[in-house]
Amino acid sequence: MAGGGVSTIAVLGMPNTGKSTLFNQLTGSHAHIGNWPGITVDLMQAEVDLQGTPAQLVDLPGIYDLRGHSDDEAVVRRFLESTRLDLVVVVLNASQLDRQLRLALQVRQLGLPAVLLLNMADEAKRFGVSIDTASLAEALAMPVVLLSAKYRRGLGEARHQMAKAIAKGVTQEGTDGAQAAVAQLDACLAEGDDALQRQIAQLMERSVTLPPQWRDRLTRRLDGVLLHPLLGLPLFFLVMALMFQAIYAIGVPLQEALGTLLDSFGQGVIAPLIRGLPAFAQGFLLEGVYQGIGTVSAFLPVIFLFFLAMGVVEDSGYLSRAAYLMDAFMERLGLDGRSFVLSLMGFGCNVPAIMGTRVMRDRGLRLLSMLIIPFSLCSARLNVFLFMASVFFAPRVGGLVIFGLYVMSFAAAIVTALLFKGRFASNEPLVLELPPYRFPTLRQMFSRAWLEVRHFWFWSRRFIIFGVVAVWLLNNLPFGVEPASAQSFSGWIGRALMPVLGPLGINPKLAVALLFGFIAKEIVLGGLAVIYGQANPLALGHALALDVNWVQAVSFMLFTLLYTPCLSTVAVIRSESKSAKFTWFSVLWSLALAWVTSFGFYQLATALGWGSLVLH
Amino acid sequence: MRTPAHLADLAPGQSATIAAIEAHAGLRNRLEALGLSRGQRVQMLRRAWLAGPLHVRVGMTELMLRRADAARVGLEAGLEAWPVAA
Ligand SMILES: Nc1nc2c(ncn2[C@@H]2O[C@H](COP(=O)(O)OP(=O)(O)O)[C@@H](O)[C@H]2O)c(=O)[nH]1
Ligand SMILES: [Mg+2]
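If you're matching them up, the sequences are chains A and B in order.
Numbering-wise (numbering that gives the first Met the number 0), the first sequence opens with residue 0 and increments by one.
Numbering-wise (numbering that gives the first Met the number 0), the second sequence opens with residue 0 and increments by one.
These are computed hints drawn from the structure, not numbers from a lab.
Careful, some of the hints might be misleading.
Claimed, not checked - Per label pair, the in silico range of CB-to-CB distance:
no., chain 1, residue 1, chain 2, residue 2, range
1, A, G155, B, E75, 26 to 34 Å
2, A, F457, B, R40, 28 to 36 Å
3, B, E75, A, Q50, 46 to 54 Å
4, A, L566, B, E21, 44 to 52 Å
5, B, A50, A, P233, 15 to 23 Å
6, A, V224, B, E21, 32 to 40 Å
7, A, Q201, B, A50, 25 to 33 Å
8, B, E75, A, L417, 37 to 45 Å
9, B, E75, A, P233, 37 to 45 Å
10, B, E21, A, V396, 54 to 62 Å
11, A, A424, B, A50, 14 to 22 Å
12, B, E21, A, G155, 44 to 52 Å
13, A, P394, B, A50, 37 to 45 Å
14, B, E21, A, P211, 25 to 33 Å
Since the structure is predicted, the reported quantities are computational estimates derived from the model, not experimental observations.
Using N, Cα and C, we set each Cβ at its ideal position, and we do this for glycine too.
Okay, chain B solo, but in the shape it has when bound:
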């Protein structure tokens, strides 16, 4: 599986490394304070139905975030995105 370009498109179970946060300073601060910063590994745990929020894990923290905000988290390109055992 290819790694998608943005966190919003990661499939449940897939992990990837964050390449960049493409957001204005306010949102970037908040995302980084919650652990979403460059170089960190994120894992998609689940995606709510009806275009609802995402449940992700980054480092030792679990977060929910909206798809629109997750679309601002760029991922490193990679051919393999290892599904990590839950």
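Extracted from the complex, chain A is given alone in its bound form:
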């Protein structure tokens, strides 16, 4: 063992070869799984038991070439240079050895101790690829295991070979040598591409039999329809629309039921429990903390369903097709198909989508993508809109309003890209794999959705509790003031914002909600509940509808849609762009766009006298 103590094992491979799936199966924990090349951006790490020997397994981002210069490739190189590894597990797609063997050869050239895992044995078999692992192992002088991580075949043998390789032990000099080799990677791998190509050809000749003809009929047929020049895009948007319909048809009733349940729990169980406390403390606990948390928990079923559906679309390989379908359009916006896919993922949550821009090498392209992703109507904002729409509009009209907001979300992204593509020009090549269609197993689907929900909960909890408590305090301080009245702190802040927000039809109470929405949109509803002093969503809706008309409500929704999504997004833009200036620019631009849009809408609608129309 190189460092003494627990051994460290890294999982290395090209994007989309099933590294994360394998990692999850070996460790039992759930890393993010995606069929989108390069989505693993944080280094996931977990303990693995190798037949009695514990070891640390690290899931590295997918890379194409150890000499490459994308951000992910730099991350991997830095990792290899700085970490004393006991073993590198090289994961290749068994059907694509004709191009993927180069990575195994590069690892061998560097002298890193390695085990070669040929994943997706199921697909290789289906496509008629047969591999002589023994002969490959002999030629490469490293253990080779054929397995199928998704269907849990061959995992035992993989563990066995890994344990054996570690037990054999790596000498101190061995790892030192390998680390030094990585540090001078370019020199060590200088051996020309032609030589590498020749070696691959020899290995293929020796150990692999390819089918005389391409066998994946299913993918060929599906692509004929789904990538059809005329039908492709309408089909894609139809699939997306149906998906959203289904999510909300199932999710919204669940959300309402859960909301009612939590509300009666608060009134029936928590209220009696804290009856002895002073009124201020009672209000703080029930109306502040409990209500805020309740509002967010009620929202978890929709998130679960959203990620369930998104996971299927992503895992199936359809998102890569979306990149193909949209690229011609995106190119004219100065972006590419990947920006479109990342924006779509932003409809779940902007934060991982912005991190996903790491697959882009060109800085201009990356920044422009980061500039448009925050306009994707994320699930937290959707929560606000679903509520507002149900309060101010009859169901049919409400659906249209939500749809309109989605259209606005795209429009804002397109306008932004068109305006700034000159400033963030790029000429990054776009070459992407279109993987065969796959369908995730039930286990994969549920563990993925569950992971996302947990992630959302941990991520947002702090903000929500902080935000809701802060709103409650602002409403109820100074002591003895009528809650949320003009004399309270929040009344004061709301009035102070009126010169700016008044012309948008946003009243002082809504202004306070917006102010807190800057921290996270999850706080907006909880904040409104606290501001209007109404726990029950129905009662809150009533109070809101008495206070503002639907034009004001739509103006509020437009503003909420377009201005800064949340502090986490700002933080991740800052860390990914590594530029404070760009971060400021992004925040200010979204504020400006939000203001102008809401202003335009409110003034026009008021001039036309729409405010007095009743749409409910």
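Since the structure of chain A is provided, determine the placement of chain B with the ligands on it from the hints.
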């Protein structure tokens, strides 16, 4: 049918052998890692409308790439480019 000089000009269904990758090291690395290297056979599967990307197959891998990038993949000259049954 004659084989065009560059991958970007291959017609759907047509196949050809790659003669050279005329790109800077970064792009060449990426193309080769995805299977587009000298001596490999490529087949054009489809071309998106409005000057959109190309869908090609090389070895056991299917790729999409932009026309500008495909123009950097030189093809071997040949009188016949056999359309391979899909
Ligand atoms: N057919 C098949 N698909 C697999 C297998 N392992 C992983 N996959 C799928 O391959 C895709 C990419 O997997 P992922 O673990 O995200 O790959 P990574 O990019 O290397 O981390 C996902 O859709 C997986 O469900 C396997 O053994 N067989
Ligand atoms: Mg991964």
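>> Looking only at beta-carbon atoms, does the pair F457(A), R40(B) fall within the given range of 28 to 36 Å?
In response: 50 Å, violated
> Does the Cβ distance between E75(B) and Q50(A) fall inside 46 to 54 Å?
Replying inline: Given range 46 to 54 Å: holds, Cβ gap about 51 Å.
>> Looking only at beta-carbon atoms, does the pair E21(B), V396(A) fall within the given range of 54 to 62 Å?
In response: 58 Å, holds
> Per the hint of 26 to 34 Å, is the separation of the Cβ atoms of G155(A) and E75(B) within bounds?
Replying inline: 46 Å, violated
>> Tell me if the beta carbons of E21(B) and G155(A) are separated by a distance inside 44 to 52 Å.
In response: 48 Å, holds
> Regarding L566(A) and E21(B), is the given constraint of 44 to 52 Å on their beta-carbon distance met?
Replying inline: 47 Å, holds
> Is it true that the C-beta distance of V224(A) to E21(B) lies inside 32 to 40 Å, as the hint says?
Replying inline: 35 Å, holds
> Using the C-beta atoms of E75(B) and P233(A), is the stated range 37 to 45 Å upheld?
Replying inline: 39 Å, holds
> Is it true that the C-beta distance of Q201(A) to A50(B) lies inside 25 to 33 Å, as the hint says?
Replying inline: 40 Å, violated
> Is the hinted range of 14 to 22 Å satisfied by the C-beta distance from A424(A) to A50(B)?
Replying inline: 18 Å, holds
> Given a hinted range of 15 to 23 Å, is it respected by the beta-carbon distance of A50(B) and P233(A)?
Replying inline: 20 Å, holds
> Does 25 to 33 Å hold as the CB distance between E21(B) and P211(A), or does it fail?
Replying inline: 31 Å, holds
Hint check: violations occur at hints 1, 2, 7; the rest are consistent with the structure.
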